[in-house]
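Asker: So you can see what is in the structure, the chains are spelled out below.
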Amino acid sequence: MTQTHRLSEGGLVDRSKPLTFSFDGITYTGYRGDTLASALLANGVRLLGRSFKYHRPRGLIAAGSEEPNALMQLETGPYTEPNTRATCIELYDGLVAKSQNRWPSLGFDVGAANSLVARFLPAGFYYKTFMWPASMWMTYEKYIRKAAGLGVSPTEDDPDVYHGTYAHCDVLVIGAGPAGLAAATAAASGGARVMVLDENNTPGGALLGTSNNAASLEFIQRSVQSLERNENVQLLTRTTATGYYDYNYITAIEKVTDHMGPGKGGTAPRQRFWKIRAKQVVVAAGSIERPLVFADNDRPGVMLANAVGTYINRYGVLPGNDVVVFTNNDSAYQVAFDASESGGVVTVVDTRSSVQSSLKALLEEKNIKLFEGHAITSVQGAKGVESVRVMKLSADGDSVQGQAWEIDCSVVASSGGWTPSCHMVSQSGGKLKYIESIAAFVPDESRLKKTSPNISAGSCNGSFVTATCIQQGTQAGVDAATRCGLHGTAASSESFTVNEVPLGTISPLWLVPTTHPVGEGRSKHFHDFQNDVTAADIQLAAREGFVSVEHLKRYTTTGMATDQGKTSNLNALAIMANIQGVSIPEVGTTTFRPPYTPLTLGAVGGQESRELFIQERHTPMHEWHVDNGAEFEDVGDWKRSWYYPKAGEDMHSAVQRETLAVRESVGMLDASTLGKIDIQGKDAIKLIEMAYTNNWQKLAIGSCRYGLMLNEHGMIFDDGVTTRLGENHYHMTTTTGGAARVMGWLEEWLQTEWPEWEVYCTSVTEQWAVMAINGPKARELLQSITDIDVSKDAFPFMTMREGKVAGVPARVYRISFTGELAYEINVPARYGKHLIEALAAAGKKFDLCPYGTEAMHVLRAEKGFIIVGQDTDGTVTPHDMDMDWIVSKTKEEYLGNRSQVRIDTQRTARPQLIGLLTEDPTVVLPEGAHIVSEVSDAPPMPTIGHVTSSYMSPNAGRSIALALLQDGINRKGDVVTLRLMNGEVHRATVSDTVFVDAEGVRVRG
Amino acid sequence: MFIINCPYCGDRDQTEFSCHGEAHIPRPTETKKMTDEEWGDYVFFRTNPKGYHRERWLHDHGCRRWFNALRHTVTDEFVASYKVEDPRPPIPDNGGQS
Amino acid sequence: MDNPVKATPLEMAAIDVDGLTVAELGLVNKINLRGDFDSHACNSALTELLGMECQLEANTYVSNSASTLFWLGPNERLLYTDSDPQSIAERWRANPGTAAVDVSDYSTVLRLSGAKTRAVIASGSPFDVHPQQFGVGQCTQTRFGNASVLLSNHADTPVFQMQVRWSFARYAFDYIKRVADYV
Amino acid sequence: MKAYSLFSLARNAMSYHRNWQRAWRSPEPKKAYDVVIIGGGGHGLATAYYLATQCGITNVAVLEKGWLGGGNTGRNTTIVRSNYLLDASAGMYEHAMKLWEGLSQELNYNVMFSQRGLLHLAHSVHDMQEIGRRGNAIYLNGIDSEFLTPAQVKEMLPIINLDCRYPVMGGLLQRRGGTARHDAVAWGYARGADAAGVDIIQNCEVTGVRVENNKVIGVDTSRGFIGAGKVGSVAAGHSSVIAEMAGFKLPLECYPLQALVSEPIKPIIDCVVMSNGIHVYVSQSDKGELVVGSGSDAYNSYSQRGSFDLIEHTVGPLCELFPLFSRLRMLRQWAGIVDVTIDRSPILSKTPVKNLFFNCGWGTGGFKATPGSGHAFAHSIAAGEMNSIAAPFSLDRFNSGALIDEGAAAAVAH
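Taken in sequence, the protein lines are chains A, B, C and D. The first sequence lines up with residues 1 to 1005 when you count with the numbering used here. The second sequence lines up with residues 1 to 98 when you count with the numbering used here. The third sequence lines up with residues 1 to 183 when you count with the numbering used here. The fourth sequence lines up with residues 1 to 414 when you count with the numbering used here.
These aren't lab readings, by the way, just hints derived from the structure by calculation. There could be a bad hint or two in this list.
[Stated by the list, open to error] Each pair of labels, with its calculated beta carbon distance range:
{"no.": "1", "chain 1": "A", "residue 1": "Gly402", "chain 2": "D", "residue 2": "Thr207", "range": "16 to 26 Å"}
{"no.": "2", "chain 1": "A", "residue 1": "Gln906", "chain 2": "B", "residue 2": "Pro87", "range": "39 to 49 Å"}
{"no.": "3", "chain 1": "B", "residue 1": "Pro90", "chain 2": "A", "residue 2": "Gly266", "range": "27 to 37 Å"}
{"no.": "4", "chain 1": "A", "residue 1": "Lys433", "chain 2": "D", "residue 2": "Arg22", "range": "23 to 33 Å"}
{"no.": "5", "chain 1": "C", "residue 1": "Arg91", "chain 2": "A", "residue 2": "Ala841", "range": "50 to 60 Å"}
[Claimed, not checked] Reference listing, derived: stretches of chain D covered by chain B, where coverage requires no fewer than 3 residues with Cβ under 8 Å from a Cβ of chain B:
{"no.": "6", "region": "185–198"}
{"no.": "7", "region": "235–248"}
{"no.": "8", "region": "396–406"}
[Claimed, not checked] Only pairs whose alpha carbons sit at most 25 Å apart, straight line, appear in this in silico SDA-like list of lysine to any residue:
{"no.": "9", "chain 1": "A", "residue 1": "Lys264", "chain 2": "A", "residue 2": "Tyr92"}
{"no.": "10", "chain 1": "B", "residue 1": "Lys33", "chain 2": "A", "residue 2": "Asn694"}
{"no.": "11", "chain 1": "A", "residue 1": "Lys682", "chain 2": "C", "residue 2": "Gly73"}
{"no.": "12", "chain 1": "D", "residue 1": "Lys249", "chain 2": "A", "residue 2": "Glu753"}
{"no.": "13", "chain 1": "D", "residue 1": "Lys287", "chain 2": "A", "residue 2": "Glu753"}
{"no.": "14", "chain 1": "C", "residue 1": "Lys177", "chain 2": "C", "residue 2": "Ala147"}
{"no.": "15", "chain 1": "A", "residue 1": "Lys142", "chain 2": "D", "residue 2": "Ser285"}
{"no.": "16", "chain 1": "A", "residue 1": "Lys639", "chain 2": "C", "residue 2": "Val109"}
Yeah, the Cβ is synthetic: ideal placement off N, Cα and C, and Gly gets one too.
Sequences are here, hints too, so could you generate the full structure?
Answerer: Okay, here's the thing in structure tokens:
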């Protein structure tokens, strides 16, 4: 028995393309053009899920993205996707879906026991219990967490790819229903660049769900053709506008290949994330029908009236043969007619006491029974509607009276009116106003014309007649184009007949009474289906004082499910308004937050994932390091050579070997990542004097000097060597991580504080490839490949020479970060690879050893050279580093100067940099270990300092450490105690920070 | 997501820029004569208005020029952007509504 | 060592797929030029130096057979030249209130052409490259993914150039390559 | 106040929950109070609660311009931890932690304080040095702290991608860290304070601070003048505005801080994960949503709206560290206004105006401090002097330079 509920004809599905799919392990057939929802309905499957809290059986309510109940675990393995709305899944062959939040099965769900104790679980019950004993909360929570959640996360990495892109247009139209198509057509006719987005797989919007829709389809086709012919128009289907941000920045998600099935999209991305900047936005997002809130209105088979109409007309599915239409307005009468036309037995229950005679005549003509001034008071059938009871409403609508009629039925089509989709307008910062005649909010005059200029048209603007929607759309398109400075023209207004019944006089009945007071008895009046929130919960919230709309929402969780209250928000507000005896606008509206519908996280990241997540920056010599077995360290975005293990070596032994080699023969380090800034102009020296703490006036051309930079708080933030290249020309180096920061810092001062100074800074970091050669044989090595005279006298320490190295133009700086005889060879980046190869070849006879950043760290620590960011943090002054020698006593001003003499920076007992020598020379203290002033068995213990750098030094023949110690400079020679987290206690002597070659002979060798 | 008018390049996407706080806070010239309070005021204290704010922006991913802008901190509306050397544009008297 | 190996960051890598051709231009000589380009003297000095009209609107470029001059900022121009960058830099610096830096190796240049070019750029850049907004002769600095780039439009067919820093070149190239499949 | 219990729940169920009393009254403001607290967020309500229950000052009003807990209390990612480096911070946040540990019982309101563990990840040598230092400092301050190897990290978080762009090199775990239910904190304190006699007045905006002879005498509000012996401003993002009313400036700037949640899913991540290296801050709520902290925009704003690029730069890293989250969906995003000081530590302080006290500047991390902040501030207001926990956070530090700069001490980049 297949597709028992499929009509023999009609609908927009392609009956020549049957598709097989499975739901909860059972195989079914549907057609191309179906959604999973329509296909399940066609097969008579009504029970599709369990509710969040009470695990009540649930079926479809809607036909669109507002669906709260039919959430699926779609597909399996790495392709699985939880919480997917069946109404938004286009059917494809082989689709596999499972119901969620039930165990062991959808039909028999143990969690439904919650229903039995539901009366003990009112809104917010968890705030009032689970508190005893205190220690049990973590256990309670474990079970609460298991019971909560909906679907399950994938457990494998996502095999799909995503694409993100920016786009620009003059006019963006959100929604391709009648109003949207008209707006786009009008705007495009004036030459505007237009984008149109629609979440459906085909344009048309609500027209797709109307009966006798040949005329509608023709209008759609005509509009689409004219738009598609226009090269300035982009019409995107399967594309939902998800967010509306300031300055008309709209995000949208396009499902590119989802409808093909997992792994079937070829090289195309699964989804595309659009970031659109529009000059004008026309919101034509349509409207959402509201369910009536009546007793047990959540039984599978109770649906929105328009959903029933859509299933009949668009999908050729009659959800059930016996249909009760329950309404407070005229629009649902069309559904009664459509169901009747399709062979259904239809009854209309209208809460209004007098229905207009023309409608009554039509009902009579079609043999449809009408209960005027009546209401449904109960729904029978646990896993699907079997019958309803109907009673007469009192004049005030607050109670029911008289005889109860029982009507057998399998579908209840309910309509409480229509809620314009104001989400986009609200997100943009726009205000809403309440309109009594439609009992709903519509967009108010756009508040921020400059940051979010938008116009609403069609049913999202409160117009529920197609012809009016088209007129409004046309006008909106013309207006939007005009505001872009173009001439939008209104084409002759489209007119065609749509089978629709206008809203008529809506008579709001926000809470349908039943035979017992709401909240008592077994039945429940749901307004938020997915989160299981009932009218009684709102009453409780009101009773306990949670009356502001945000408190209501947070206390009851109404509107906070994955549908974000699309069908429930207004009902909740209205019920609260009635309880409090105030108007709906007085209760307020909740702020709509992006996204409009849930947005795939992977799509938001777009292509910027995996290797495009954050760029790996490589030096020109990177390949050489790879070829020579380097392990790499992440320093900022850079990959730097960390060490070069030989066969059988671990990190420690490699680093020890490299460290020794530098002091014994010569080593080479890729130093290309250091920041480099070219500074020119007659006022260059002024800038340098302000940026560094020391004096630079007397630096000779061709000479280098080390400098420290402070921020205005007086704290060290970078260091480096700057060289005077010419009269008004300097080459500044910075730390690797500080390159961009220092460049920005200099420009900031130049441009905003001293714009009259003639100084030009240019980043040249990547212009130069840099190899540092360090060690006693560095001179011999360099001399073997250069035409520069590198003799001691011709090329002294802290100077720069230009010439050729390895046959290419080079600048060689005789500076050292190891305390060894050293040169930093800079060549244009194009020659970087050439340089390292030439050095490696020439270095063979000098036992040249490539070394990485780890050996560099050991070598500099042996000399007590600090690393900014390791031995300093952002709270350290030059004095704290025992570097008073680098702070000018004569300069009037430099950045951060005044902060050096504040109360706190002048206080004694600030942490100061010292060396530490452990009693046991084999013990390498962990970096971060703390010095305590007294040791006790257990914390707390007062601390007076911590280790910033710590290594086994092969050259000192023992462990060494640098530390920040309160009043450390005065404590040299003292023995201090370090207490580790594992309980170990170590004693160490406070020492000078230089552990090797204290006289500094080697560097000048 | 703002559109920001760079005085040199015109309207650009916000992601090309970075913001660097309140504008028109000149560095004191004779800092040695300042009290700790005066220096603390200069380094730490900002007006932080709920309303119009003159602030510094940098066109990072563009011409790399610093400039000033006048923006309302509640509506996020930019009233003007201007070069560092330009006179300050007046604050509108409409309470921030556009 | 007579024949030193020269390298570019991408080793002249290329992309040639349906609708998109990308090539790394080899080692282009580039000089960053500074000066007060609001002044007539400064512009005429540059015009004389380069032998072409150098008065530039913001975000445009001019070129002749030997040189292309890009606007980078009110006091900043970038010159691509076939001539020796050092000597041009020195000659420019002879003018008062100027600066010049050889930045030939700081960045590399990708040339993109084919029907997908604009869509590829739009994938990573918030700058509108629609022909109405960004025609031949225009250039701009903007963002492409995480990289700062200099974009210029060289033909309506279209042909674009994207200049990107050496250490971001691989990233930008991989980015283009990946999105070429998606647009 | 009728106590909540399993029995009260059952008893009320029998009467269809028609007999629950209001969680707090909705009184008309009196002419004057001993203490007026400006701001009905968690910190303000906690201050009032402790004033009334521990300091013997029950003639207290809390003035809230909107609805209780509507500011950052209701907009944060609910993380609670006390694993701070500096002694002053450790003092404040551990004080709060100890109060959190008994808070549900103290308030007779389940704030769902879940000590599920909070894990900081290290992705570089520099990160390892940072957690090495901080871990030791926390431990020696008597606060729990454990180092984890990458293998141990993987054991706690089987779904993590250790080999991400910046591979995970280790972690620092505070087992007592975790999350709490943010709204419940505001509501629990409100209910407790109300029961102790505090008047909680919503929809009452302070429009002026009245000062006579450099001494505060009350506040002008949208509901008239309310006299006060002492005033405590706990107005978070609006602190600068209140200070301006009283005639002085604060070293604060306000920025949007953004966050987002995913759709609810069954439990997939059992601790709080914080990665400064990749920029991921995520936990899973009891309801099943992934709660993801984003960043703060770099421009001053009171708009409670942020820029979308921050969301992109939040989601990208999240999927890099947890690639299987790529198919999950973002449900909701929002922004709050955070008031940030230069050292990113709060201000609890006397002010140039006598009897006017400020508690503000909590920046991006105020939620976790709620009980400690309220407790310390209440005792300080009562005494007229900041107590030992609050004292380091005084305004004086911006003159002396004695900043409490956790961020700078973590020393990013080198």
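Asker: Next step is simple, just say for each hint if it's right about the structure.
Answerer: Each hint, compared with the structure:
1. Hint check: A/Gly402 to D/Thr207, Cβ distance near 56 Å, so the stated range 16 to 26 Å is violated.
2. At about 41 Å, the CB distance of A/Gln906 to B/Pro87 agrees with the hint of 39 to 49 Å.
3. Separation of B/Pro90 from A/Gly266 is about 58 Å and departs from the stated range, judged on CB atoms against 27 to 37 Å.
4. Distance hint check: the CB atoms of A/Lys433 and D/Arg22 are about 31 Å apart, consistent with the given range 23 to 33 Å.
5. Checking the proposed 50 to 60 Å range against C/Arg91 and A/Ala841 shows it is violated: the Cβ atoms sit about 38 Å from each other.
6. Chain B is given as covering the region 185–198 of chain D, and this is violated because 0 residues of the stretch bring a CB closer than 8 Å to a CB of that chain, at least three being needed.
7. Remark: the region 235–248 of chain D is confirmed as covered by chain B, as 3 of its residues place a Cβ nearer than 8 Å to a Cβ of that chain, reaching the required three.
8. Residue count for the region 396–406 of chain D with a Cβ under 8 Å from a Cβ of chain B: 4. That meets the three needed, and the coverage hint holds.
9. With a C-alpha separation of about 10 Å, the suggested pairing of A/Lys264 with A/Tyr92 holds against the 25 Å cut-off.
10. Proximity of B/Lys33 to A/Asn694 is assessed by CA-CA distance (about 20 Å); at most 25 Å being required, the pair is judged to hold.
11. Straight-line distance between C-alpha atoms of A/Lys682 and C/Gly73 comes to about 20 Å, which keeps the hinted pair within the 25 Å bound.
12. In summary, the hint linking D/Lys249 to A/Glu753 is supported, as the alpha carbons are separated by about 24 Å, within the 25 Å threshold.
13. Pair hint D/Lys287 plus A/Glu753 does not hold up; C-alpha atoms about 52 Å apart against a cutoff of 25 Å.
14. With a C-alpha separation of about 15 Å, the suggested pairing of C/Lys177 with C/Ala147 holds against the 25 Å cut-off.
15. Restraint check for A/Lys142 and D/Ser285: satisfied, since their Cα atoms lie roughly 11 Å apart, inside the 25 Å limit.
16. At roughly 23 Å between alpha-carbon atoms, A/Lys639 and C/Val109 fall within 25 Å of each other, so this suggested pair holds.
Consistency note: the structure conflicts with the earlier hints numbered 1, 3, 5, 6, 13.
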